[in-house]
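Q: Sequences and hints are given; from them, build the entire structure.
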Amino acid sequence: MNDSLQHLLHAVEPEFPSLGALPTPQNLPEDLRRDSSQENHNDDNSSSHATASRKRPAPRGTAAYPRKRANKACQVCRARRTKCDNKKPSCSFCEKVGAKCITSPTDLSSFDPASLAILEKLDRLEQLIRTKPGEEELNRAAALEQETSPIEYGSPVSNLSYGPDFSMVTIETVLSWPVFRNRFDSRLDLKALLNRSDPSAAHGRSLAVDPGPFVENLDLGGCNRLLDSFLERVHIANPILDVPLVRRFVHQACVSGIGWDTPSCLVLLLCALGSIAEAFQGRYEAKSILARTSPAFVLANSYFEAAEKRMGCLMHKGGVLEAQCFFYAGVYLMTLQQPMKAWRFFVQAAATSQGFDFPRKPLSPEAMTSPEARRERASQESMYWTCLKSELEVRIELSLPGFGLQDLSYPTSFPSPPSEHLEQGAARAWYYYLAEIALRRLANRILHHLFRNQEEGRFFRIKQMVDSTAAFESQAADWMASLPQMFSLATPEKDDDMLKFVLRGHLLDCYEWMYFPFMAETINHGQRDPSVDEYARKGLQMSVDRIRKNQPGFNHRHHGTWLMLRSCTRSALILLAASHSREAQDLMPEGWQEAVKSAMDMLRFWEEEVSDARDRLHIITELMGGDTRGPPYSSS
0 MNDSLQHLLH AVEPEFPSLG ALPTPQNLPE DLRRDSSQEN HNDDNSSSHA TASRKRPAPR
60 GTAAYPRKRA NKACQVCRAR RTKCDNKKPS CSFCEKVGAK CITSPTDLSS FDPASLAILE
120 KLDRLEQLIR TKPGEEELNR AAALEQETSP IEYGSPVSNL SYGPDFSMVT IETVLSWPVF
180 RNRFDSRLDL KALLNRSDPS AAHGRSLAVD PGPFVENLDL GGCNRLLDSF LERVHIANPI
240 LDVPLVRRFV HQACVSGIGW DTPSCLVLLL CALGSIAEAF QGRYEAKSIL ARTSPAFVLA
300 NSYFEAAEKR MGCLMHKGGV LEAQCFFYAG VYLMTLQQPM KAWRFFVQAA ATSQGFDFPR
360 KPLSPEAMTS PEARRERASQ ESMYWTCLKS ELEVRIELSL PGFGLQDLSY PTSFPSPPSE
420 HLEQGAARAW YYYLAEIALR RLANRILHHL FRNQEEGRFF RIKQMVDSTA AFESQAADWM
480 ASLPQMFSLA TPEKDDDMLK FVLRGHLLDC YEWMYFPFMA ETINHGQRDP SVDEYARKGL
540 QMSVDRIRKN QPGFNHRHHG TWLMLRSCTR SALILLAASH SREAQDLMPE GWQEAVKSAM
600 DMLRFWEEEV SDARDRLHII TELMGGDTRG PPYSSS
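Residue numbers for the sequence shown, in numbering that gives the first Met the number 0: 0 to 635.
What the hints contain is simulated information worked out from the structure, not anything from laboratory work.
Everything hinted at is true.
Computed spacing ranges between beta-carbons, pair by pair: (1) R374 x D600: 42 to 48 Å; (2) A278 x L187: 33 to 39 Å; (3) S255 x P88: 58 to 64 Å; (4) G317 x G456: 36 to 42 Å; (5) A480 x R527: 31 to 37 Å; (6) L187 x K596: 21 to 27 Å; (7) K82 x D227: 56 to 62 Å; (8) E371 x E284: 42 to 48 Å; (9) T81 x E304: 45 to 51 Å.
Computed cross-link-like contacts, PhoX-like style, restricted to lysine-lysine with a CA-CA straight-line distance of at most 25 Å: (10) K493 x K548; (11) K340 x K286; (12) K388 x K548; (13) K596 x K286.
Only a predicted model underlies this, so the values are computations on that prediction, with no experimental measurement involved.
Glycine included, every Cβ here is placed at the ideal spot set by N, Cα and C.
A: Structure, rendered in structure tokens:
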């Protein structure tokens, strides 16, 4: 393993704290600082000292008012009848599952008058710290309504929170920006767009394909050709399979017939993907829809339908092969531009991978000496990472809840290669895989940073975000420097193969997310400052660069195509938003109109197959037509 990869694997990844002005002991009155400091110390150590008790002097009045232990458990822990550690603002269990932590009112009947007075003042102080200006009256009204509402004695209805909402960086958020004056509010429901049946019907074509031949027996020669196509064009992006083992599965299915077991299901899925896999920058049809009725797609549909019939058997086990089947079903549907259906399979694959020994159980010293055990652990690691990455990418664009997968942080370790001695082709695929994971981790840190520093879509501390953005730029530069020479992005873009093309696209994601707050605040709210202007200008230039650098892959069908359509469309809409804002006229980059027109050509190629692409094309066409519906937008 070369030095650059070692650096890539073991790079330090600092986390950035929120820039929010959180309450500190220095903000409190002098007589409460010591108690607040002690409370914070206890909160930080609650996980390791949950059962520890501290002896306190008996308060005055104890003899007159016998003290009883007050019930402090939150409603969730009380319902579960488990111990609550009373962490604030959310106990450990509620924080873990994403539930709203509501502490039941404490029984104060056994407290002496002095204690009651102190508790009342502390409650008032806590309320003042937690309540934002302008919210006090709203909270009073809510409290009054709660007092007059009838009490429900059934199971409490929890206001569940499924983790950070990263929809702030999607197309739909940009369309809802103030600069567009609510013009597109009726077209923000992405799921409704994706659920429209047969988007090609309006153009006189149909996505419906003939069932194709019933898959009963497999031809060994034909299956090997499809497997080679899969390995060459699909597997290189996610090298998670034990290739010799898969070839044995193919041979067995062809010789003995297709079974109803997991290996047969996997073989059928790989054949389906191999049938529709395309060469990068190869020959393309005039419209993407034309490929959907080709013999290759008809055959792929037959393989996939046969695999679907065998997926019931996958639910009875939770191994690596089962997770691979769910994952490749998602990859197939993403290749067909069906992200909602694909996401469901990615979730199932991720859920299956949660049952692996990795990352909770380390490999024992005895197992470390077993090549078979090491291969199994490597398969678990790579599958675990792949499921997290794929589910997360699609979920962010769909603005869906994360359920148990809402935490965007990855394990601290990287997946191990399946063998210490990889062939050149396998080694290249593995280097790419690790490089993409490292970049995904950087992207996750940027997204967390944006979420922590936004309030209802606004970035009020935008000037304070300058330093952290510079640090993220430095991390992106370190990532580029750590790449092996075979993936160096300093080479001409025209020479890129599929893997380098994808890496460039992911790097552009990181940069555009870094600069997103500066563009949003400048375009919509007129935030102008030399440092803010610098990053807003960089962001707009990055939008032009994204469209230009992705152009070689505009017509290429693969399982990341829909994500590319979304990111390039978002870039085009940001440029149009800036062009419609009086506040950003002097920041517009050269060539922005040509970039938007190029994105429109991309959407035209896919519009008959992808319903949201068709709708966004109409919006961009409207905005490019000069219909601003009034003078340029101004925040003043």
